[in-house]
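Protein chains in written order, with the numbering used here: chain A, 1 to 293; chain B, 1 to 260.
These are computed hints drawn from the structure, not numbers from a lab.
No experiment lies behind these values; they were computed from the predicted model shown.
It is possible that part of the hints are untrue.
[Said to hold, decoys possible] Stretch by stretch, here's where chain A covers chain B in the computed footprint (C-beta under 8 Å, at least three residues):
1. 143-156
2. 159-171
3. 189-199
[As the list claims (entries may be wrong)] In silico negatives: residues of chain B with every beta carbon more than 12 Å from chain A:
4. Lys61
5. Val89
6. Trp114
[Said to hold, decoys possible] 25 Å max Cα-Cα, derived SDA-like pairs, lysine to any residue:
7. B/Lys65 x A/Pro114
8. B/Lys85 x B/Met158
9. A/Lys115 x B/Pro188
10. B/Lys236 x A/Asp242
11. B/Lys61 x B/Asp255
12. B/Lys61 x A/Pro114
13. B/Lys236 x A/Ile180
14. B/Lys221 x B/Val121
15. B/Lys65 x B/Lys221
16. B/Lys190 x A/Asp38
17. B/Lys190 x A/Pro114
18. A/Lys115 x A/Ala68
19. B/Lys176 x A/Asp31
C-beta: ideal position from N, C-alpha, C; glycine also.
This is what each chain is made of:
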Amino acid sequence: MPLPGLRRFSVLVSVATLLLVVAGGLVTSEDASLAISDWPLNLGRLIPPMEGGIRYAFAHRILAASVAILILALALWQQAAEARAWVRRLGWTAVATVLAQAALGGAMVKLADPKTLSIAHACLAQLCFGFTVAIVVANLPGVPRARAGASPAMVPLLAAGALFVQTILGAAVRHGAMAIVPHMLGAGVSSALAMWAGLQVLMRHMETAPLRRAATLLLGLTFFQVFLGFAAWSSRAATIDDPQPMPVMIWATVAHVTAGSLVFGAAIALSMIVYWHDEPARPNLARGGMAVA
Amino acid sequence: MNKIWIAVGLAGALTLAGCGGGEKTETKQGETAAPAAATGATPDLTNGATITGKVIFDGAKPVMKTIDMSANPTCMNAHKSSPPKSEEVVVNDNGTLKNAFVWVKSGLPDGTTWQIPATTVELNQTGCMYDPHVIGIMAGQNIDIKNSDPTNHNIHPMPAINQEWNESQPPGSADKMQSFPRQEVMVPVKCQIHNWMRAYIGVVSHPFYAVTGSDGTFSLKGLPPGTYVIQAWQEKYGPQEQTITVAAKDSKTADFTFKP
Chain A
1 MPLPGLRRFS VLVSVATLLL VVAGGLVTSE DASLAISDWP LNLGRLIPPM EGGIRYAFAH
61 RILAASVAIL ILALALWQQA AEARAWVRRL GWTAVATVLA QAALGGAMVK LADPKTLSIA
121 HACLAQLCFG FTVAIVVANL PGVPRARAGA SPAMVPLLAA GALFVQTILG AAVRHGAMAI
181 VPHMLGAGVS SALAMWAGLQ VLMRHMETAP LRRAATLLLG LTFFQVFLGF AAWSSRAATI
241 DDPQPMPVMI WATVAHVTAG SLVFGAAIAL SMIVYWHDEP ARPNLARGGM AVA
Chain B
1 MNKIWIAVGL AGALTLAGCG GGEKTETKQG ETAAPAAATG ATPDLTNGAT ITGKVIFDGA
61 KPVMKTIDMS ANPTCMNAHK SSPPKSEEVV VNDNGTLKNA FVWVKSGLPD GTTWQIPATT
121 VELNQTGCMY DPHVIGIMAG QNIDIKNSDP TNHNIHPMPA INQEWNESQP PGSADKMQSF
181 PRQEVMVPVK CQIHNWMRAY IGVVSHPFYA VTGSDGTFSL KGLPPGTYVI QAWQEKYGPQ
241 EQTITVAAKD SKTADFTFKP
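Isolated chain B, as found in the complex:
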């Protein structure tokens, strides 16, 4: 019988052990929260170098799969005009890739602390999809998570380095402000109420990153002179890297090509 009580006690201890929670800040709808850090280096836009480029897709344009939202009428209603499609691979009209994350992986001067932007980066849940699908932020910078849908969502980032958390966000509720303290590329985010919802967050310790849009281009401005490893990451095809050396005021091009 003693063993039974030991097991029950262990179960209780496990329950209590699970009572911690992640750090969070909530604001009222529309309010903008500013992160604390306002000191540190900023990109030198006058004398710094610029690396620009395109993320090219080389191959037959893949057909994006239709998401089945039929079990969720609220979500389905948001896509009456056209069926919702997967955003895993979005090829732009000019043959480039949307939603690629490009960043300086290494080469920046050691010991430099970069200023965390006071602005927030919005991650909206609309039509039971994340908008945008891929975002970039600096470590410590706030993400403003909105729920524009008339349905519940939960936001569950699954980082490997940062703290994992999971929170529900009912319709009409306040925005959630969240940040990640450590660099991590990429952090997948999912909603487990709607199991097709996926987003990716690139968390970087400096301001030299970009997400490609509908023209597939990126620009990293104000880089100090040096030799850098530039990485382009795509959700399905993974990362690619290039090494580029720049001098002051240089302007160099680095295109990345992904094949299916």
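Okay, chain A solo, but in the shape it has when bound:
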């Protein structure tokens, strides 16, 4: 069994990483990404004057540093206490991702926010959150130590992949590198895959609580995310003539970004849970048939 303390700490790290995604979304929506023009210092000092966009940019930096420390601590704890090598590797991958993310953030400041780096920064943030979710799921009670001979859960994995592509498209729209049409098409494809994954699991495993919960979470978040997507788009259209980013647009967009992370995380979680629970001895389930008692 995974250590309860380690499990709780992994949840804390994942929540902190999600908060960092929220903070990053706020920085972009407030158009404050370069409010602090130097890095790693802040206007030449440790603590800059707290005014305007500097508040958002500085809060994001502090939160990023805290999350990096938390992720490093999690990796070290897992290195000492975790028997499964792949879970330990997952921890170190998260460390590498958060360090690369910090370097990307610094490069964005030094190079005055090139679009490609901004998009990469937004996408890597989702990946980093995805790794922390995977660590949380790996530390859930009842997760088998090993699952020999199992094949990956293809539909949830496909959904997770499509949701990540959708993250790239969304970031490209947000940073002005692409029109919204591909992102809207991507929303259709990724939502369809997420719903397919969720419904398939519900049909096969309605009686298995962890799978039912994970699938319901993915379905609920997907619906919510589609709604938030419309809200973000319409709020942007409604405030296009305003001289500054308006609160309705800021919060709708940040909520959309946050829900995007949660849907991606839910797809990863479902993929892992299905992988561990899908019994190879029940091939009729793997083919999509109804459960046989």
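Given chain A, put chain B in place with the hints provided.
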């Protein structure tokens, strides 16, 4: 584990890659810097042609939106007498547009190098607004960027052709001298500490450009005889063009009309 070290190394390399910076010159408050180039052709004000005109707004005068500076008391204090308004569309009392950039887009003789003015063009940050909202400069000419506010600003031009840069300017600090080496119409400028602050810079490789003021007129003087494409650009309504042929000492009119 090797993969982790590769990723960490990549992150470090990215950090080092980001250590470059834009070219800049700083002067003490009030000092005027002169750009280097003092040779080249100048407009022939005696024999050259003149194109004058107005940039007209045809429609109901739009109500300019109020900028919300309530989260920034220092900025708010600068606008006690009247609330700060957006400058996206400023219609003058005579129905013309302020802040339109008019320039010769094409038609000038090939191969002519035009003299870069020794004077600087001021871009001031005052009341947490850029003043003026739109400026024109020649490529290579210095912009004198001032911060007259008791608060921090950052200046972030976002050119598509020239080098992008971003610098902070604390209150009371020295003016910043910056220039753009290549022609680009227009270069948006923003402050990301105060997200409503916007300015536009027209960077042109010759001296035939103008920004309309409170009378909405422009004048392009000393043009060599030829056929020119004249473009008028407005922040919200975009560019319009006219083709005009002038002979020596000609004086022609070209009015532009923008509709909402």
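Status of each hint after checking the structure:
1. Here's how the segment 143-156 of chain B fares: 4 of its residues keep a CB closer than 8 Å to some CB of chain A, so the rule of at least three is met and the hint holds.
2. Evaluation of the coverage hint for the segment 159-171 of chain B: fulfilled, as 6 residues show C-beta separations to chain A shorter than 8 Å, against a requirement of three.
3. Check on the segment 189-199 of chain B: 7 of its residues sit with their Cβ under 8 Å from a Cβ of chain A, so the three-residue criterion for coverage holds.
4. Every Cβ of chain A is farther than 12 Å from the Cβ of B/Lys61; the closest lies at roughly 15 Å, confirming the non-interface assignment.
5. With a minimum CB-CB distance of about 9 Å to chain A, B/Val89 fails to clear the 12 Å threshold, and the non-interface call is violated.
6. No Cβ of chain A comes within 12 Å of the Cβ of B/Trp114; the nearest lies about 29 Å off, and the non-interface call holds.
7. A distance of roughly 30 Å separates the Cα atoms of B/Lys65 and A/Pro114; the hinted pair therefore is violated under the 25 Å criterion.
8. About 23 Å separates the Cα atoms of B/Lys85 and B/Met158, which keeps this hinted pair within 25 Å; it holds.
9. Between the alpha carbons of A/Lys115 and B/Pro188 the distance comes to roughly 15 Å, so the proposed pair stays at or under 25 Å and holds.
10. Straight-line distance between C-alpha atoms of B/Lys236 and A/Asp242 comes to about 12 Å, which keeps the hinted pair within the 25 Å bound.
11. Taking the CA atoms of B/Lys61 and B/Asp255, the gap is about 19 Å. The hint holds against a cut of 25 Å.
12. The suggested pairing of B/Lys61 with A/Pro114 is violated, with an alpha-carbon distance near 37 Å, which exceeds 25 Å.
13. A hinted pair counts as satisfied when its Cα atoms are at most 25 Å apart, and B/Lys236 with A/Ile180 qualifies at roughly 21 Å.
14. Between B/Lys221 and B/Val121, the direct Cα distance comes to roughly 19 Å. Compliance with the 25 Å bound is thereby established for this hinted pair.
15. At most 25 Å may separate the alpha-carbon atoms for a hinted pair to count; B/Lys65 and B/Lys221 exceed this at roughly 36 Å.
16. In summary, the hint linking B/Lys190 to A/Asp38 is supported, as the alpha carbons are separated by about 17 Å, within the 25 Å threshold.
17. Of the supplied pair hints, the one linking B/Lys190 and A/Pro114 holds, its CA atoms being roughly 15 Å apart against a limit of 25 Å.
18. Between A/Lys115 and A/Ala68 the alpha-carbon distance is near 24 Å, which keeps this suggested pair within the 25 Å criterion.
19. Distance restraint check for B/Lys176 and A/Asp31: the Cα-Cα separation of roughly 23 Å lies within the 25 Å cut-off, and the hinted pair is therefore satisfied.
Checked against the numbered hints above, the structure breaks hints 5, 7, 12 and 15 and satisfies the rest.
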